[in-house]
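Take the sequence shown: its position 90, counting from 1, is numbered 414 in our numbering, and each next residue is one higher.
Fair warning: there could be bad hints in the mix.
As the list claims (entries may be wrong) - Within a straight-line C-alpha distance of at most 16 Å, the following computed EDC-like cross-link-like pairs (lysine to aspartate or glutamate) qualify:
(1) K460 <-> D428
(2) K403 <-> E354
(3) K464 <-> D409
(4) K464 <-> E450
(5) K460 <-> E450
(6) K342 <-> E411
(7) K387 <-> E354
As the list claims (entries may be wrong) - Computed Cβ-Cβ distance ranges for the label pairs, DEER-style:
(8) D328 <-> N423: 26 to 32 Å
(9) A369 <-> V430: 45 to 51 Å
(10) G353 <-> L329: 33 to 39 Å
(11) Y350 <-> L400: 20 to 26 Å
No lab work stands behind these hints: they were computed from the structure.
Since the structure is predicted, the reported quantities are computational estimates derived from the model, not experimental observations.
All C-beta atoms, glycine included, are put in the ideal place defined by N, C-alpha and C.
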Amino acid sequence: MSADLTGYLVIGPENISKTRQRAAIYYLGELKSIAANVVKMKREAGEGKGDVMDIPGIRPLIKAAEDTGWEGSVVLYAKELISTDPEKMVNDFVDFWENPGGSDTVSRTVRDRKILFAGGESYDEECAGDGYLLLKNAFKYGFAEILGIE
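Take these sequences, add in the hints, and give me the full structure.
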């Protein structure tokens with residue numbers, strides 16, 4: 325049995341501005357509100373009843389899920405999103421970005437741009453390193469781009 329190298333290789337600003345940080349928190353908070361409405365309306369309609377596309381305001385949530393490569397149900401994406409704390413998630417990510425550390429992360433700065441890799445070996449399971457999980461969530465919930473990370 326051999327291991328695969330699984331990770332994220334990203335590039336972004338050396339430091340993330342407070343303006344971008346606040347914008348990411350706002351975006352994630354708004355997306356979470358939409359997700360809460362989707363879950364509530366789906367619960368009220370009953371499982372298997374009604375089309376999720378008929379729920380008012382669902383388009384931004386669907387776009388976020390599609391943009392991040394989510395392959396499951398939009399309702400499952402919404403349920404996961406509801407359990408997040410937008411401010412904590414973004415602030416933890418910014419702290420990590422500006423002071424990368426941990427055994428699964430390496431970074432270099434080249435001309436005011438940070439290049440960062442987080443990941444490691446995995447044997448048919450997902451990486452469990454802190455850096456990997458922080459990057460995964462930043463892309464999964466769509467706020468990496470707001471912070472200038474690609």
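*Is K387 within 16 Å of E354, Cα to Cα?*
14 Å, holds
_If I claimed the Cβ atoms of A369 and V430 lie 45 to 51 Å apart, would that claim hold in this structure?_
48 Å, holds
*Hinted pair K460 and D428, Cα distance within 16 Å*: 13 Å, holds
*Take a quick look at whether K403 and E354 sit within 16 Å of each other, Cα to Cα.*
14 Å, holds
_16 Å limit on alpha-carbon distance, applied to hinted pair K460 and E450_ = OK: K460 and E450 at ~11 Å, within 16 Å.
*16 Å Cα cutoff - pair K464, D409*: The hint holds at about 14 Å.
*Given the hint of 20 to 26 Å, check if Y350 and L400 actually sit that far apart at their C-beta atoms.*
Between Y350 and L400, where Cβ atoms are some 24 Å apart, the hint holds.
*Note whether the CB distance of G353 and L329 lies within 33 to 39 Å or breaks it.*
35 Å, holds
*Taking the CB of D328 and the CB of N423, does the distance hold inside 26 to 32 Å?*
With Cβ atoms ~28 Å apart, the hint holds.
*Is K464 close enough to E450, meaning Cα to Cα at most 16 Å?*
14 Å, holds
_Given the hinted pair K342 and E411, is their Cα-Cα distance within 16 Å?_
Holds - the C-alpha atoms of E411 and K342 are around 12 Å apart, at most 16 Å.
The earlier numbered hints are all upheld by this structure, with none contradicted.
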